[in-house]
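Chemist: Each chain, written out:
2 protein chains.
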Amino acid sequence: MTAPGELRVIPVRLEGEIRSGDSISQKLFGAIHSQGMKLLPGDVLVVTHKIVSKSEGSVVSLSEIKPSLKARRWGKTHNVDPRLTHLALAQAKRVVRMRGGVLITETRHGFVCANSGVDVSNVDGGESAALLPDDPDASAESLQREIHKQIGISVPVIIADTFGRPWREGLTEVAVGVAGMQVFRDFRNRTDAQGYRLKATLEAVADELACAAGLVCGKLSGTPAAIIRGFQYEAGPGRARQLIRPAKRDLFR
Amino acid sequence: MTAPGELRVIPVRLEGEIRSGDSISQKLFGAIHSQGMKLLPGDVLVVTHKIVSKSEGSVVSLSEIKPSLKARRWGKTHNVDPRLTHLALAQAKRVVRMRGGVLITETRHGFVCANSGVDVSNVDGGESAALLPDDPDASAESLQREIHKQIGISVPVIIADTFGRPWREGLTEVAVGVAGMQVFRDFRNRTDAQGYRLKATLEAVADELACAAGLVCGKLSGTPAAIIRGFQYEAGPGRARQLIRPAKRDLFR
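If you read the protein sequences in the order shown, they are chains A and B. Be aware that the first sequence starts at 22, since it is given in the working numbering, and climbs by one per residue. Be aware that the second sequence starts at 22, since it is given in the working numbering, and climbs by one per residue.
You may find that some hints are simply not true.
No copy labels: a pair is met if it fits in one copy or bridges any two.
What the hints assert, rightly or not - Below are the DSS-like pairs computed for lysine-lysine, each with C-alpha atoms no more than 30 Å apart in a straight line: (1) Lys97 to Lys269; (2) Lys91 to Lys269; (3) Lys87 to Lys59; (4) Lys114 to Lys97; (5) Lys114 to Lys91; (6) Lys170 to Lys97; (7) Lys114 to Lys269; (8) Lys269 to Lys59; (9) Lys114 to Lys48; (10) Lys269 to Lys48; (11) Lys87 to Lys114; (12) Lys114 to Lys59; (13) Lys48 to Lys97.
In short, the hints are calculated from the structure, not lab data.
Model the full structure from these sequences, guided by the hints.
Modeler: Given below as structure tokens:
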């Protein structure tokens, strides 16, 4: 029984690996179908960026990296693989903090995150690193288009990555690519149940959807996607880049 | 039909207002029951801090506030109610940033957030402000105990608030009080599907659960709680204060 207003977060398990050139939509359809499920109008599909990067070939073999002196020093001091540091610096538009073993950068997309999003988990056992997709909003749009082509319905797509944050411990999921829905739910100038006009409430629902999906995706379980059913999203041309605060308005960069 | 591994996020609608001294557990049971639902073992209950603050009497009438000169100047320059600024400063242990109309403080609990969490939405139409609960972890524990007393099962409780964050636009939910579950899912030193040993993955599941609940709670809908069903939480003495990064390890304070 489904309660009114209820949200369902349905994990999509994927057998086997995604390789460069693979069609993610095909793989996901196969997986969804083999779970006895299907995508329905109103669903939102959340996909971890890792399978997108793999399918797009945004994976670098670490053996090909010749780390710079800076990366070697940092790696030695902080016991991290200097090739990863080299890659993270190469992917960065700007270093935001580089201190105490923590490297926070601004990527060329504008995301502020650790190590420019360069990641060796769930790639190939530590010998290769996945980069963020080249243009994650475009990747989401392309996946949305593929889905529409194959099943004739328009399902918003969120591409998620796992980011840390200042002030709070632990990582949470964020949306790095979005297509087909507004990324915010806008309560500004609406009136609450007590008649008070809300001033500053712009809810980052795309990030919250990424978090909800993260709860079922995990990091070990071979579950790189989730279907979110029952969320009243607002259709439209939302983009994850709208979630990036412009540097000039950011007090913590 | 529920898919294996599926998560359900079930909104709990509450008729009427919460007043100082009200039993939240009684009110929530009434609401859950009238929706034809009940709490089950394995459920997590997420409650917005606002109803907790109201029931605990952590609400201040703005007419009683005599704003300081600093608050009056800030209010005038940035077109905000100086009484709210006064209250926010009074609730702060430390001002983290006060610039361009944005006041970020560290509360005495240690949370870093806008205006010390002082909030006039969903209180009484703009004439009163809700503060954060005195000790939100203790509030969560007390609610968990009440629930156990009434229905004999131990349901983890998360008290959520809506916070902004650096680098990204929009607000998301965070856990400000937790009882009955670990706040992190710890992947450190576990091995992914490719045999790679994960290094830094400590997932803040309490915050992600708060976000999932936020998707159904909204700000206008009289839905101050949600039941999350199907999440494999780790029982234990987790506390929201574990989610606060100690100032000395924080590069952005």
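Chemist: Does each hint fit the structure? Answer for all of them.
Modeler: Hints and how they fare:
1. Lys97 to Lys269: Between copies only: 23 Å across, 34 Å inside.
2. Lys91 to Lys269: both (28 Å within a copy, 25 Å between copies)
3. Lys87 to Lys59: neither (46 Å within a copy, 59 Å between copies)
4. Lys114 to Lys97: Classified as within: same-chain Cα gap 23 Å, cross-chain 38 Å, threshold 30 Å.
5. Lys114 to Lys91: within (16 Å within a copy, 39 Å between copies)
6. Lys170 to Lys97: neither (50 Å within a copy, 55 Å between copies)
7. Lys114 to Lys269: both (15 Å within a copy, 27 Å between copies)
8. Lys269 to Lys59: Classified as neither; 44 Å inside a copy, 49 Å across copies.
9. Lys114 to Lys48: So Lys114 and Lys48 fail the 30 Å test inside a copy (33 Å) and across (52 Å) alike.
10. Lys269 to Lys48: neither (41 Å within a copy, 45 Å between copies)
11. Lys87 to Lys114: This pair counts as within: shortest intra-copy Cα distance 20 Å, inter-copy 47 Å.
12. Lys114 to Lys59: Cα proximity of Lys114 and Lys59: none, with 40 Å in one copy and 51 Å across.
13. Lys48 to Lys97: Neither way: Lys48 and Lys97 sit 40 Å apart in one copy and 57 Å across, limit 30 Å.
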